[in-house]
Amino acid sequence: MRVEYINPFVEATFSILKEVLNTKVERGELYLKPTSHPVLGVAAIVGLAGDVEGRVLFDMARETAIAIASIMNGEELKDFDELGKATIAELANMITAQAVTKLHDLGFRFDLTPPALITGINMEVSSPNVEALIVPVTLPQGKLEINVAIRERA
Amino acid sequence: MCAAVTEVQDQSSHRPEEGREKIDFKMITFSLGGREYGIDIMKVKEISKIDRFTYVPNGSPFLRGVYNLRGEIIPIIDFRIMFHLPLKPIEAGKAEDVLILNTEDQVMGVIVDSIDKVIGVSSQRVKPAHPLFHDINVQYLKGIVEYGSSLYIVLDVDRVLGVTEERLPEQPATVEAPAAVAELEATVYAPAGEEQSAGSLELGFIRDTLAAFRSFVLSDLNLGWVKGRLGEWRDLRSSEGRGVQLAEPSEADDFLESFYSPYTGELWGETYAGEIEGLLPEVSGGTLSAWNPGCGKGYESYSFAALLARHYHGKRIKVWANDNDLLGISMAPTLTFHEEAIPPLLAPFVTKARNGFGFKQELKDSILFEYHDILHPNPFPEVDLVLARDILSFFSPAQQQTLVDLFRSKLRVGGILILGSNERMPESGWREIRNGGVYGYERLADEEPLNKEQVT
Chain A
6 MRVEYINPFV EATFSILKEV LNTKVERGEL YLKPTSHPVL GVAAIVGLAG
56 DVEGRVLFDM ARETAIAIAS IMNGEELKDF DELGKATIAE LANMITAQAV
106 TKLHDLGFRF DLTPPALITG INMEVSSPNV EALIVPVTLP QGKLEINVAI
156 RERA
Chain B
97 MCAAVTEVQD QSSHRPEEGR EKIDFKMITF SLGGREYGID IMKVKEISKI
147 DRFTYVPNGS PFLRGVYNLR GEIIPIIDFR IMFHLPLKPI EAGKAEDVLI
197 LNTEDQVMGV IVDSIDKVIG VSSQRVKPAH PLFHDINVQY LKGIVEYGSS
247 LYIVLDVDRV LGVTEERLPE QPATVEAPAA VAELEATVYA PAGEEQSAGS
297 LELGFIRDTL AAFRSFVLSD LNLGWVKGRL GEWRDLRSSE GRGVQLAEPS
347 EADDFLESFY SPYTGELWGE TYAGEIEGLL PEVSGGTLSA WNPGCGKGYE
397 SYSFAALLAR HYHGKRIKVW ANDNDLLGIS MAPTLTFHEE AIPPLLAPFV
447 TKARNGFGFK QELKDSILFE YHDILHPNPF PEVDLVLARD ILSFFSPAQQ
497 QTLVDLFRSK LRVGGILILG SNERMPESGW REIRNGGVYG YERLADEEPL
547 NKEQVT
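Chains as they are written, first to last, in this note's numbering: chain A, 6 to 159; chain B, 97 to 552.
I should point out that these hints are in silico values taken from the structure, not numbers from a laboratory. Since this is a predicted model, take the numbers as computed values, not measurements. Treat the hints loosely; a few may be bogus.
[Claimed, not checked] Taking lysine-lysine and the DSS-like style, the derived pairs with C-alpha atoms no more than 25 Å apart in a straight line are:
{"no.": "1", "chain 1": "B", "residue 1": "K393", "chain 2": "A", "residue 2": "K107"}
{"no.": "2", "chain 1": "A", "residue 1": "K38", "chain 2": "B", "residue 2": "K393"}
{"no.": "3", "chain 1": "B", "residue 1": "K118", "chain 2": "B", "residue 2": "K139"}
{"no.": "4", "chain 1": "B", "residue 1": "K184", "chain 2": "A", "residue 2": "K38"}
{"no.": "5", "chain 1": "B", "residue 1": "K184", "chain 2": "B", "residue 2": "K145"}
Use the sequences and the hints to build the structure in full.
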């Protein structure tokens, strides 16, 4: 993954999470993963198109998703209902959009697709031929992994 | 009925010493090197006499071969060899006693001297093994049990075979290791008692410590350098009154100091750039693409790109530079330096930056720095050049092989691979070209396998 893309994603993740959750956000060590890997339970995907192709995936456990959605809505959600899903999708959209805005300022032009939310157990995601940058984040609500796979258009 | 049960309980509670306790552990007994052993019967699938195994080359010494057990291919291992017990000469054509064991994930045959009988005891009576039973490592023993007039040593099958499985995967690495290293392996690890030259012992020691401290892997790629360096090192250390051994990471760094190619972590000087320039291939199209894995902080990528721009004037230059060191490569796109550090090669591409000097956009645009692990998929098109200085030596032999194959698949025919100054391509299918201290390897077409001996 192109070096210039890394920081905007990391910065956007932190500033948005801090702002919406109003809490301490801890970052783990960044690393690379090869093509396919398991998904924790709730995955929000935002696609990227333009100079590059790829996607950003926000991956968390169901309980974490419910806890985050509860805070963002200011009410205790019992289950991962429509409101919860829409909230997590929106969070994914906010973070990706802010990163893309930063990249736009650096001269990289991408477009976003609307976020898609996928839930289930024992899921695996694969993006053939693209390795993913993993930004692990620890919140009081649980763990969140931001998984960015972007490839230059050859 | 009810009374009978009470009576049994009474007896066992009154006279436990007399062996009337519940028999809940049955084992198959067998002999190995004159001692009696037992294995939990639940682990034994069947017992059998087998005389013809299919020999498997390059297996562990205790792997006698594989056997077709009614359509299932199972490995056959010899406990006597595995535990270094005395082994009677094997008579050709004579069937041997084999226990077919069923472990969690595989079926395996085990050769023993002779299979005796099935005995049942109370699991209470299996006593922990005393460390003095040193024929077999104590961690493989479940315990020891007395039955009749004999003592039986009970083996823990899962541990024994678990260890086998852990050891087996190591084996392919040795098999894949190139011939010279295999030979070294043989001299270094020759069983005690055989003659060992001091030199090969030292080399083996250096190899192990370099691997441990700096993950430097001794292979055919760098064996020539390591041997030469060992000679210098021995002289240097004896003049300081110290031994050859590397005791700490900093000593491994000292040892490897002269391994690294010139201008590692620096911009290239004119002489070195000239030597590299002499290896550059003819390019017919309008674009030249190169791959620079392990680019570190980017000094070599900038130097290389500048050299390409000078040599292939007017062509479009594209350098894919990557490294899996996030901190190093993060600095690369915005590298700055002092004016006096600029060699003539790079002078035309330098511009004043905010703090010090940086490179002009045209040079930056020709390089794409990526945070990337080379062992993951490498999704970029065919290249004319690969600059991989001093990186292969830090991968395991199997990974080195994968990477050499990868370079080969990414390079066009006639393209050049440049390795570190002290690395030599052991594979055939490449033509070695030397210019000063720099070695390049031209990728030959697959149809005409040709190695360097045939060329020279």
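Does the structure keep B:K184 and A:K38 at a Cα separation of 25 Å or less?
52 Å, violated
Hinted pair B:K118 and B:K139, Cα distance within 25 Å:
Holds. B:K118 to B:K139 sits at ~20 Å (cutoff 25 Å).
Is the straight-line distance between the alpha-carbon of B:K393 and that of A:K107 25 Å or less?
This hinted pair holds, its Cα atoms lying about 24 Å apart.
Satisfaction of hint between B:K145 and B:K184, Cα-Cα up to 25 Å
17 Å, holds
Hey, A:K38 versus B:K393, does the alpha-carbon distance stay inside 25 Å?
22 Å, holds
Hint compliance for this structure: hint 4 is the single one not met.
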